[in-house]
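Trainee: The lines below spell out each chain.
2 protein chains.
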Amino acid sequence: VNATSSALAGCFLFEGIPVSEIDGLLDKIPYTVKQYHRGAIIAFQGDQYDHLMIILSGEADAHIQSGNGKTIRIESLKSPDPIASGILFADNNYLPVTVTAVTDVSLIVFRRETVLFLCRQYREFLFAYMRDMGDKIVFLADKIRHLTFNTIRQKTAAFLLDQRIRQRLDSITLPYTKEVIAELFGVTRPALSRVFGDFVEEGVIKQEGRLVHIIQPEKLKETLAENGE
Amino acid sequence: VNATSSALAGCFLFEGIPVSEIDGLLDKIPYTVKQYHRGAIIAFQGDQYDHLMIILSGEADAHIQSGNGKTIRIESLKSPDPIASGILFADNNYLPVTVTAVTDVSLIVFRRETVLFLCRQYREFLFAYMRDMGDKIVFLADKIRHLTFNTIRQKTAAFLLDQRIRQRLDSITLPYTKEVIAELFGVTRPALSRVFGDFVEEGVIKQEGRLVHIIQPEKLKETLAENGE
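Keeping their order, the protein sequence lines are chains A and B.
Using our numbering, you'd call the opening residue of the first sequence number 1 and step up by one each time.
Using our numbering, you'd call the opening residue of the second sequence number 1 and step up by one each time.
Read the hints as simulated data drawn from the structure, not as lab findings.
Don't take each hint at face value.
Stated by the list, open to error - Derived coverage of chain B by chain A (criterion: at least 3 residues anywhere in the stretch with Cβ under 8 Å from a Cβ of chain A; other residues may be distant):
1) 77-89
2) 123-135
3) 158-171
4) 188-194
5) 207-214
For clarity, every value in this text was computed on a predicted model and none was experimentally measured.
Quick reminder that beta carbons are idealized off the backbone N, C-alpha and C, glycines included.
All chains, full assembly: derive it from the sequences and hints.
Mentor: Next up, the structure:
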């Protein structure tokens, strides 16, 4: 088993495929391994993304240049993350970010046709790819709904009421960690915790880890109505 | 060839698979056909969506109940649209909408496992499914970027500058129709056309159908800066 196979085996797309099988697979399918020095640009915003890149070793940064020229860091990528797997099959498959090597980086690159082959050959790979895309769609759609609320307090109230409808219970399980919920709202984790703390103190909710008991849903609805929402 | 096969053949997921083949396929794979009377509820917001539904005939409406009790119509669905195909494989696969029959409706229902089987059996089906999910991800991510701009004028300027970076040309091709761009911005089509018309009149852009020549990009950047963006 070589280093490439064992790095790939750690990637969620290859979960469930034995590393020995991945090893044999790499003898049969076409791929390229690319090396980048620290600081090198791996891909430019605006590139057509028609090959799947997976980081075998090292770390990279994704950042965007916004319309008015500012550079904004979007996310950190590290081995064994795939890069932009969600847009590989889109019609408008332009890379929305520029990807830069933060350390020396080694990447494996598969043609789109090879990814389709892997989907058809391995149910686990197909399911992992589809689940990841589905999760991205749900996350982005949730984010859009929450962007329409102004304050963190309103976003949190809307989120809890939404989960109460989805889960049909007054005791709901948070579907994401607090880190991810903060990301969903576009706020910091401490600011989010403060709002949860306030709701607990006011007797609106009770919390046990990821389980949240909604004691006074009407107070959450009142929060939404503040400021004319 | 029966009516079910010919309805399915019109669905984008089955594009490229001959209708005779679909006919034979339906003898081999498990599925259910369901009938709903006009006004009936097909699925509730909050249901776990673990079967793929495709409308064979009739029309349906998707609407949501927001946290504070309002009902908002989200989209119209008609034969041969699939319902919520993007969330079928998500971990949090709760249906974000309630689906109601507007006319008498007939649906075909496939288990998730059967959808995976179709993906592995037919490259066309797999590619169409992946492309549709990818398009949704790109559309939602674009929508989030444009929600941060306030006015239609700013949204349009940001969109044009963004496409200019992606396409690396001063003459860009609009990647969506005006209807879809209006939907992306959450505005009406006439309001969007007015803004394009203004930019043309001010000499900022020239337009020939879906081709837009950006004559004065700096004016678009100034538009973004209005109101402190």
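Trainee: Now tell me, hint by hint, if it's right for this structure.
Mentor: Status of each hint after checking the structure:
Coverage of a stretch by a chain is defined here by at least three residues with a beta carbon nearer than 8 Å to that chain's beta carbons; for the segment 77-89 of chain B and chain A the count is 4, and the condition holds. Residues of the segment 123-135 of chain B with a Cβ under 8 Å from some Cβ of chain A number 9, which satisfies the need for three, so the listed coverage holds. Here's how the segment 158-171 of chain B fares: 7 of its residues keep a CB closer than 8 Å to some CB of chain A, so the rule of at least three is met and the hint holds. Counting residues of the segment 188-194 of chain B whose beta carbon lies closer than 8 Å to any beta carbon of chain A gives 0, which falls below the threshold of three, so the coverage claim is violated.
For the segment 207-214 of chain B, the stated coverage by chain A is violated: 0 residues have a C-beta nearer than 8 Å to a C-beta of that chain, whereas at least 3 were required.
Going down the numbered hints, you'll see the structure goes against 4 and 5, while the others check out.
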